[in-house]
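The whole structure should be built from the sequences, with the hints applied where relevant.
Residue numbers (this note's numbering): 1 to 137.
Warning: the hint list may mix true and false statements.
Unchecked claim - Only pairs whose alpha carbons sit at most 27 Å apart, straight line, appear in this in silico DSSO-like list of lysine-lysine:
hint : residue 1 : residue 2
1    : K24       : K36
2    : K59       : K105
3    : K36       : K134
4    : K134      : K58
5    : K105      : K68
6    : K134      : K112
7    : K68       : K58
8    : K58       : K24
9    : K36       : K68
10   : K68       : K112
11   : K59       : K24
12   : K112      : K36
Stated by the list, open to error - What follows is a set of in silico ranges between Cβ atoms, one per label pair, in the way DEER data are often shown:
hint : residue 1 : residue 2 : range
13   : G136      : P95       : 13 to 23 Å
14   : R135      : D57       : 32 to 42 Å
15   : D74       : P109      : 13 to 23 Å
16   : G60       : G136      : 29 to 39 Å
Hints listed in this document are in silico derivations from the structure and should not be mistaken for laboratory results.
Backbone N, C-alpha and C define an ideal beta-carbon position, used for all residues, glycine too.
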Amino acid sequence: MSTPTSILTIGLDFDWTAANRGEKFDINAIRTAVAKGLETLNNVDGLYAETFFLNPDKKGVFDEVTSKLQAGHDGNPWSGVIIGWGVRGVEDTTPVFETLVNLIKDTTPGSKLIFTGPAPDHFGAIQRNFPHLKRGS
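See below:
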């Protein structure tokens with residue numbers, strides 16, 4: 001059996017987002033859209049996908065991210081790491097975005113950096129980088 005393409009998606013914790021951006025965004029709509037985008041990955045043959053939602057205010061959160069990056073999937077480095085739109089699409093989390101990019105680059109340099117847009121098309125973003133992956137039935 002071949003090693004699957006492994007993708008780690010890193011996004012903002014929805015409770016943190018509600019507390020810090022709730023007046024700017026419809027958090028329930030975002031949560032639903034992201035869940036739908038991630039759910040599409042369940043039917044992709046040869047793909048293992050995992051998600052890590054971070055709270056930027058939590059002490060030690062970047063140590064947790066580093067551990068997750070170092071662990072990889074089944075002892076293998078992540079094939080790719082997605083940084084969600086919520087991390088990089090709003091100015092106040094630019095420092096979080098920069099920290100994540102550097103952690104990924106330094107911790108798992110062989111992993112592709114992948115970015116979703118404001119409409120969370122996780123499969124489309126992954127397929128741009130791994131065109132051999134196809135949606136299952």
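Cross-check of the supplied hints:
| no. | hint | verdict |
| --- | --- | --- |
| 1 | K24 x K36 | holds, 21 Å |
| 2 | K59 x K105 | holds, 22 Å |
| 3 | K36 x K134 | holds, 17 Å |
| 4 | K134 x K58 | violated, 37 Å |
| 5 | K105 x K68 | holds, 14 Å |
| 6 | K134 x K112 | holds, 18 Å |
| 7 | K68 x K58 | holds, 16 Å |
| 8 | K58 x K24 | holds, 22 Å |
| 9 | K36 x K68 | holds, 23 Å |
| 10 | K68 x K112 | holds, 15 Å |
| 11 | K59 x K24 | holds, 25 Å |
| 12 | K112 x K36 | holds, 23 Å |
| 13 | G136 x P95: 13 to 23 Å | violated, 38 Å |
| 14 | R135 x D57: 32 to 42 Å | holds, 37 Å |
| 15 | D74 x P109: 13 to 23 Å | holds, 19 Å |
| 16 | G60 x G136: 29 to 39 Å | holds, 37 Å |
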